Structures are given as structure tokens and as C-alpha cells.
Amino acid sequence: MIAELGHYFTVLALGLAILQAVFPLIGAARQDGRMMIIGRPAAYGQFMFSLAAFIALTYSYIVSDFSVAVVARNSHSLKPLLYKISGVWGNHEGSILLWVMFLALFGAMVAYFGRNLPKTLQARVLAIQAMIGVGFYLFMLLTSNPFDRLATVPFEGNGLNPLLQDPGLAFHPPFLYLGYVGLSVAFSFAIAALIEGRVDPAWARWVRPWTLLAWVFLTIGIVLGSWWAYYELGWGGWWGWDPVENASFMPWLVATALLHSAIVVEKRDTLKSWTVLLAIIAFSFSLLGTFIVRSGIITSVHAFATDPERGMFILMFLALVIGGSFLLFALRADKLQAGGMFAPISRESGLVINNLFLSVAAAVVLYGTLHPLLSDAIFGVKSSVGAPFFNLVFGFLMIPLVMIMGLGVHLKWKRADIKGLLQRLKVITGLSLLAVVMTLYITYGGEIMPAIWMGLGVWLLLSMFQELGSRIKLGQVPLSNSLRRLTRQPRSSWGMSLGHLGFAVGLIGIIATSSWGLEQQKVMRIGDSMAIGDYVLTLDDVVPVAGPNYSAVRGIITVQPKSGPSFVALPESRTYISSPMTTTEGSVKTTMTGDLFIVIGDAQSSGRWGVRVYYKPMQVWLWIGATIMVIGGMISLSDRRYRIGSPQGKKKNAKLTAAKETKGSAAHAV
Amino acid sequence: MLFKRFLPLIIFGGIFLAFLVGLTLNPREIPSALINKPVPDFSLPPLEGAGVGLDTAALKDPDNIIVVNFFASWCGPCRIEHPALVQFENMAGVKLFGIAYKDRPSHSLSFLKSLGNPYDRIGADLKGRNAIDWGVTGTPESFIIKNGIIRYQHIGPIHTVQMEKILTVIADLQAEDGS
Amino acid sequence: MRFLLIPLLCLTFSLTAAAIGVDKDRLSDPEQEARAQSIMKQLRCLVCQNQSIVESDAGLAVDLRGIVREQVKAGQSDRQILHFMTSRYGDWVLLQPPFKAATLLLWLGPLFLLLIGGYFVFRYVRQKPTTVLTEPLTADEEKRLQQILRENDT
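Residue numbers (my numbering), protein chains in the order written: chain C, 1 to 670; chain A, 1 to 179; chain P, 1 to 154.
Same shape as in the complex, but just chain C (with noise of 0.2 Å):
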């Protein structure tokens, strides 16, 4: 009854949708304000109707309906609830309907959160939005209906992999998706851009928090994607350029490169076409990954179950958005007028070379990731393109991308001294040499070229400080003055200094691990040690553990460093009743300095065990670094400049003339 409930729901949802493209596009049309209105209500009705299909289909899972296909498939009574929950869209039925969710539900939040956009303007959106939603919503019904019940009600489901039973990767993919999806609005915003022919500062002031958005849940998702291939799969590896890794890098690019390109059209009323193509194009990437991920089409170890039937409609399905997008962009672009001028060397030029590098990497990811196929369907010839290639392209492009940032944040508006500028950065550069010539001291007799990195980094790291501690005045006026107006940064600029931060942090994190790692392994009798860089373990004990619905062996390792105290180390090997798959629970020690990994097989034979361990130097690092980018993005979500129509205070005094003028020169990045 339920399930019938669920599926009544999204077709309900559906003619909603339905109504929500049609009316508000002819109203905008034909400036009929009654058309319009529909709009907003159709968008709360198709959220709650989607929601209630989701709750519908997640009560089923619940109570362990298996008279339902997709739970009877996927789900097994004695799963913890958590993974009952999870194993929704831990499926390709379940998964549509909750991006199509997140779908409704970005929609009613532009129905709520715009209701002082011009109305025109709301309407194209919201219309625009339930056109994909239509997409989904009948993808969903015609190919891959979660409801489907079985004629014949098993006793017991499948199951989920236990290999996703694992708190990271419950929460990986919702927040993947929320990042996606998120990325449709400002789809919509550039769609609507494009069809009333203009593009202002206050449109890129609207899609702006919107990708700002996107961009946070998608970091999330990656990143928890990431930490959980590093801990779970038990190789040490926290990014393996799969092609459905690539999926949600390639939007996160662009998406990037979109939230630099916005401001230049917020603050200089112009590069609009390239604003609004990038807005299309971070879309067209959620929905290219979701197209290559259920398709079949492309080699992954991450593949939902794939079906040639479901691969035709979704890339029928793209051919119409995507195409149709860039056909109005070609019919449409030469309609937005650039505004304002800004010189070769200033804050926006910088911009804009960040740009050109993040989109040259998005294509590097999209070409890389495509030429296995292109290369099969055009010379008939299978190759690969793996880790070792992206590495390599990929590391090259960083470089100077790097160093755009670095100097990027420095830059004036309009114009900037580059000269002065490369004065002022004497100092850092000069330890960031430094840093390198320690770095070749530490590793002596090391590759050369991951110092060169490190040096990079340093001066990434030590130039964004520079940054924020010139925008207070460090130094050059008294510290209690300065940290007044530390305390006085505006929210944005908050995010920009953080974002940059977390960046900086996070890649010395992926130098550091990526080129400095250790592994080793053996065969250990109770009693045996190894050595790994510092440390050595000793196996002391392997006793049998009981889990919910796994049973396990765990390893009791004691791990002496060479200075410090010792510790114990726990590390299990996961057997599950409902599947007969072993999963690694690594031990991990994490420090600041680095992990150490401890990973341990089931018995060999004759009281032998296998034991892996990795020593990931400053991984943490990694981490921390993309928390700070997240909370940098959060935190310039909630500047109150994005909350406009929201009742604000009229005060202005003087020392706002002071916030103003740093502004001028720092504000708005991220």
C-alpha cells in the first residue's frame, strides 16, 4: 500500500512539474502575471509530493517490505537502520528518486528564497527547473520505477554491499547529489539569462549563492567520497581518477571556475556569455556523470547496474538539454553586451586566467575520461587512461594555476601594480626557497620535484596570510586596530580567505602524501614484527570480534615509534552474513605529520595472518584542508549580502568608509 502510495505520489509530482514547465514560461511570455504565479505554488506541491515518494519508498526499507523489487534487492532485515536508510539510495532506482528530490526541492527553495527576483525572471527559472524535473520524473517512471513490486514476496533481501555499509559512504551520495542538483539552478538562472537576452550584476548577484551552494554540498561529497575510498578500501588511496570519481570533479571544476567568473560579471558587468556558458556547462557535467555512471558506457569500478535501455533514454535526455542549451547559447549569446573595462594586469584579469586553467583542467578530466571510448569507437582500439596520466597533465596545470592564486588575490580591481606587487612578495618567496631546500634536506637523496611542489604550496599557504594580513593592516597600523578590523571582515571576504586557505592547506597535504608515502607487508605469526619508516609492529594477539550482522577477526597490534610512546592498533577484517565479502576496518593513527594505516587480512593459513600497513605522510592535512574550504563556503553563504530583501539596518558611519575601501580591493572570492 505504501509503495502504491510512493508511486502515486511522484506521478502526481510529475503533473505538477508538467504544469510548473508550461504556465510561468507562457506567463513570462506574455507578461500575464496569473500564469506566472503558478509557478511558485506547483514548485512547493512537487517538493512535498517528490518528499512523500521518497518517505513512501524509505518506510519501505524501514520495515523491510521485500515485497518491493528494490528493496527486496538491496536491503536485509538485519541491516543496521542507518544502512536500512542509506541502502535507499544506495541503488539506481532509489538514487534517481532522491536526486529527482533534490530536484523539487532546489526548486521551492528558489520559489521561496526568490520571491523578490524580477517575476519574469522567477518564472523562467522555476519552469526551467521542472523541465528537468520532468526528465527524471519520467526517466523514473518508464525505465527504472522504484516501486515495482515482486509477484512472488521473498524472505529475505539480498542485502547491501558491505563495502557501503560504512557511515562515510552512507552520506557520500546525498550530498554528491545535493551538489549536482544544486548546479541546475544556476543552469536555470543562465537558461532564463539567455532567453530574456541580458545579463547584469544582479543576476550573477543570484547565481552566485546558488553555485556557492552547490559548490559546498559537492565538496562534501567528494570529499567524503575520498576519506572513504582512503579508510575503507584498505589500499591507502584517496583518489584513483575513476571515471565516476572524474564525474563529480568535473562539475566541481567548473563550478569553481563559475563562482570566480560571477564576480567578474557582479563587478564589472562583463564576461557574461562565458559566465553563462560555464553555468550551463557545470549542469551538463552533473548530468554527463549520471549518464556515464548508469550507462555502462565507460569502465568503472563504481557502477551502478547498468542497462542499455535506461543508457538510450538518458543520453536522449542529455541530447535535449544539453544540446538544446548550447544551441540557444549559440543563437542567444551575442545578446549580452559587455559593460565595464578592466586593465591586463588587475584582480579580474586574474580571474580570468584562473579561469582559462580551471577549464583547460575540466577538459583534460573530460577528454581523459572519454577517450577510452572515443578511441574504441573511432580506431577500434581499447586503451586506457588511468592515474599515471592524469597525475602527470594534471600536476603540470596546477602549477600555474597556483601561482595565479597566489598572486591573483593580491590584485586590485581595474588595475594593479604587478611590479609592487612581486616587491611585496619578497619575503614569502624567499622562505617558500627555503622550505624547498629543507624539504630536499629532509628527503636527501629524493626526487627534486615534489620539493619544488612543497615550495609551491609553502608560498600558496604564506601568500594567502600575506593576503588576509595586508587586508588588516598588519603591521602598519597598531594590533589592536588590526584585529578590530580582522574582527570586522565582512562574511565574504571571510569565505574568500578561508577557501583559499583550505586550498593551500589541503594540497601541501596531497604533496606531502602523494610523494613521500610508505608500504609494506607480511605474512605475521602472534609474535612477529615489522618495521614501516619509524615505527614497528608487532602482532601481539588476532581474537574473533561478533558485529551486528558481520563477524570479524582483529588484529591486536602494538606499534612502537622510535620516540614517543607506544600504541595499540586495532585493525579488523569484516566478514558479513548476508554477502560473502570481506571488508578492511584499517586501523588508523592519524597525527599531523601523517597516518599510519594498519590493514589486516583474514588468517592464511596455520595461525598466519596477512598484514598491510601504509605510512600516508601528512594526510590529515588533505582533510583539513577541504573542511576549511567548506566552512570558507558556508560561512560566505551566510554574508548578509545574499540575503538582500531581507530587512536591513540603515546605520553607516565612518568606519565603514574603511571596510568599504578594503573591499574594493579583496572582496567577493571564495
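It cannot be assumed that every hint is accurate.
[Stated by the list, open to error] Derived lysine-lysine pairs resembling DSS-like cross-links, with alpha carbons at most 25 Å apart:
1. C:LYS382 <-> A:LYS165
2. A:LYS165 <-> A:LYS37
3. A:LYS4 <-> C:LYS335
4. A:LYS95 <-> A:LYS60
5. A:LYS127 <-> A:LYS102
6. A:LYS37 <-> C:LYS382
7. P:LYS100 <-> A:LYS37
8. P:LYS73 <-> P:LYS41
9. A:LYS127 <-> P:LYS24
10. A:LYS60 <-> A:LYS37
11. P:LYS24 <-> A:LYS102
12. A:LYS127 <-> P:LYS41
13. C:LYS414 <-> C:LYS473
14. C:LYS414 <-> C:LYS426
15. P:LYS100 <-> C:LYS382
16. A:LYS127 <-> P:LYS73
17. A:LYS113 <-> A:LYS95
18. P:LYS143 <-> C:LYS119
19. C:LYS335 <-> C:LYS119
20. A:LYS127 <-> A:LYS113
21. C:LYS382 <-> P:LYS41
22. P:LYS143 <-> C:LYS335
[To be verified] Covered by chain P, per the in silico footprint, the following chain A stretches (three or more residues, Cβ under 8 Å):
23. 31-44
24. 126-134
[As the list claims (entries may be wrong)] Some residues of chain A that are not near chain C, with every Cβ distance over 12 Å (derived):
25. LEU109
26. LEU115
27. GLY116
28. ASN147
29. ILE149
Think of the hints as simulated: they come from the structure by calculation, not from any bench.
Bear in mind the structure is a predicted one, so any value in this text is a computation, not a measurement.
Each residue gets a CB set at the ideal place from its N, CA and C atoms; glycine is no exception.
Since the structure of chain C is already known, use the hints to place chains A and P on it.
Just chains A and P now, with coordinates in the frame of chain C:
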């Protein structure tokens, strides 16, 4: 700059076409690099107490088209395809050789005992190294050889549909002789 | 083997963590082992897709690791070992595709894009003001814009 504005559409068009073609391809099927190359040099022992084993010389038989089939008793799809292999047994001008991949000889023998032995000769590739020389990625996998040259590779179990294709290939290879 | 794997692979995420193995044949010379590792990282696991053979416990990956170690120990060069693999499995086995006609776009594409993009950026940032807003803001919109800009500065 009309063209510039159409560029995204054109690029997407290209990707779309590639996807369209791509949906018909199977990215998981990895062909051996040895097609149209001579068979690798090897010499495999027989399954304990059964026959004479298999070596390169046996594959250079000028009179017969040779089918080499990699199988293992632990491989489910091999069981599925096994009945189809019997067809080769009585075919004129065709010889079927088997290579037991990473399988205990006693297991292979009981596998053949229960399902029948369609192979003219069998080599035991105990460590799976020989399979690597052939560019094999898993069992079952079959190669069609003429005059010591690998002419065709079939990845996966041979069902009715695939059997038709394979028989056509064999017929074509035999026809080459006539001309 | 593979045909048992495919349904599993399709249903699930990766199989990597299924039972962890430990290589017993690691080379005693750390320099040789490091070289073997770097070669293994360039070789694609043939049955598990999109992972290097370093990160897989699939039987074939274990065998291939064994071969790489044997050949490193026997003094074969990196090139020879990679050639051993490509002569059996084709370029497919290399995670970093070789520079060839078919991969021209892959290797030169980024550079090409940077040059083209760089040219456009150069022209863009150097252009002189030529255009004015063709459709001036309406009074209402102007008011709104001013309000927004004011809010920006508070």
C-alpha cells in the same frame, strides 16, 4: 564570431555521437594483442595420467583448424559452455585443444568425467602463466588458430549465438585453403 | 572467473576490499622492490577495471605482480617489462597511454587548449571599450541595482 558561439554545441555533438556508438560497444571485453600473430612458445604437461600434454608444435598443424579453449573446473561459465564444445569433436578438419587454467589436475579430470571430454589434447597450466602469454584475462576464453597463427579470439562462454559466429569463422578459414 | 565477477561488479561498487592479500614474493632489495612497485602502478588490473595491479587481489593481478617482480629481479628494464605486458594485452594494459597517433589529442590537447584559450584571454583583457549597454536599465531596475550595490557596501 558566429562559429565561436556554436563551438560548445559542435563539441557536444561529437561527444553525443561517440556515446551513441559507445552504447553498442562492450568496454569490458579486452582482446588479446596476439590476434594475427603466431601462437606463443610453450610446452604444457598433461593432466596427471591423461594424454600427452600440449605444446606449440601441436598448434602448427597445417591440416586442421585448431580451437584452443581455456577452462577450469572452478569456473561456472565453463560448465555452461561445455556442452557446446562437444560440437567441435566430430567436425572435420577441426581439432579442439584444452588448457586447464589454474586448476588442480584431479579437479579438471573429474570435471571432464562428469561433463564429457571433448578435447583432443589437454595441457595443464597450473600457475596460469601460459594464459598470460596468450593475453587471456579469464576463463572461459577460446582461440581459433590456423597454421600456427591466432586468427580469432572469443572471450567468455560459447552459447548458441556465439557458436554460430565461431562456426562461420572456422568455415571462412577453411575456405581460404580452397582458394 | 570474469563472468562471475561481472554481475557482482555491476551490482556493487568495487571488489577491491574483498579479502586482502599480502605478496609473499616481495623483493628483498628495497630499490628493486620500489622499481617493481612503480612499474606495477602503471599496469592496469585486467579483471577489476580502472585500478592498477598494485591495488587488487584478483588472481590475475597477483600473477602479474609476480611476473613484474621476477623480471625486475632478472634485470629487465622498465621498458622491456612494459613491452612484455603490451605484447600480450595491448596498450590497454598501460594506465598511461603511449604517445601515438591515436593518443595525439590526449597528449597535445591540453597544450593546444591552453594556447587557444590563452590567445582569447589575451585578446579579451586587452580589448578597448567598444560597447555600451544597448538596452539601458529602466528606472525601476536602476533603483534596484543601486539598492543592491548599497547593500553590498554595508
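Check your understanding: Are the Cα positions of LYS335 of chain C and LYS119 of chain C separated by 25 Å at most?
Key -> 21 Å, holds
Exercise for review: Would you check the hint for LYS143 of chain P and LYS119 of chain C, treating anything up to 25 Å between C-alpha atoms as holding?
Suggested key: Holds - the C-alpha atoms of LYS119 of chain C and LYS143 of chain P are around 16 Å apart, at most 25 Å.
Practice item. Would you check chain P against the region 31-44 of chain A, counting CB to CB pairs closer than 8 Å, and say if three or more residues qualify? Key: Coverage by chain P holds here, the residue count being 4 at a Cβ distance below 8 Å.
**Study point:** Pairwise hint evaluation, LYS60 of chain A against LYS95 of chain A, where the allowed Cα distance is 25 Å at most
**Key:** 12 Å, holds
Exercise for review: Would you check the hint for LYS127 of chain A and LYS24 of chain P, treating anything up to 25 Å between C-alpha atoms as holding?
Suggested key: Between LYS127 of chain A and LYS24 of chain P the Cα gap is close to 15 Å, so the pair holds against 25 Å.
Exercise for review: Starting from LYS100 of chain P, check that the Cα of LYS382 of chain C is at most 25 Å away, please.
Suggested key: The hint holds at about 13 Å.
Practice item. Compare the distance between the alpha carbons of LYS127 of chain A and LYS73 of chain P with 25 Å, and conclude whether the hinted pair is satisfied. Key: 19 Å, holds
Point to revise | Claimed clearance of chain C by GLY116 of chain A, with the beta carbon kept past 12 Å | key: 30 Å, holds
Practice item. Evaluate the condition: distance from the CB of LEU109 of chain A to the nearest CB of chain C exceeds 12 Å. Key: Given a closest Cβ separation of 25 Å, the condition holds.
Point to revise | Three-residue Cβ test at 8 Å for the coverage of the region 126-134 of chain A by chain P | key: holds (count 6)
Point to revise | LYS4 of chain A paired with LYS335 of chain C [C-alpha distance capped at 25 Å] | key: 15 Å, holds
Exercise for review: Take the C-alpha atoms of LYS382 of chain C and LYS165 of chain A, compute the straight-line distance between them, and say whether it is at most 25 Å.
Suggested key: Roughly 22 Å between the alpha carbons, so the hint for LYS382 of chain C and LYS165 of chain A holds.
The structure is consistent with each of the numbered hints, conforming to all of them.
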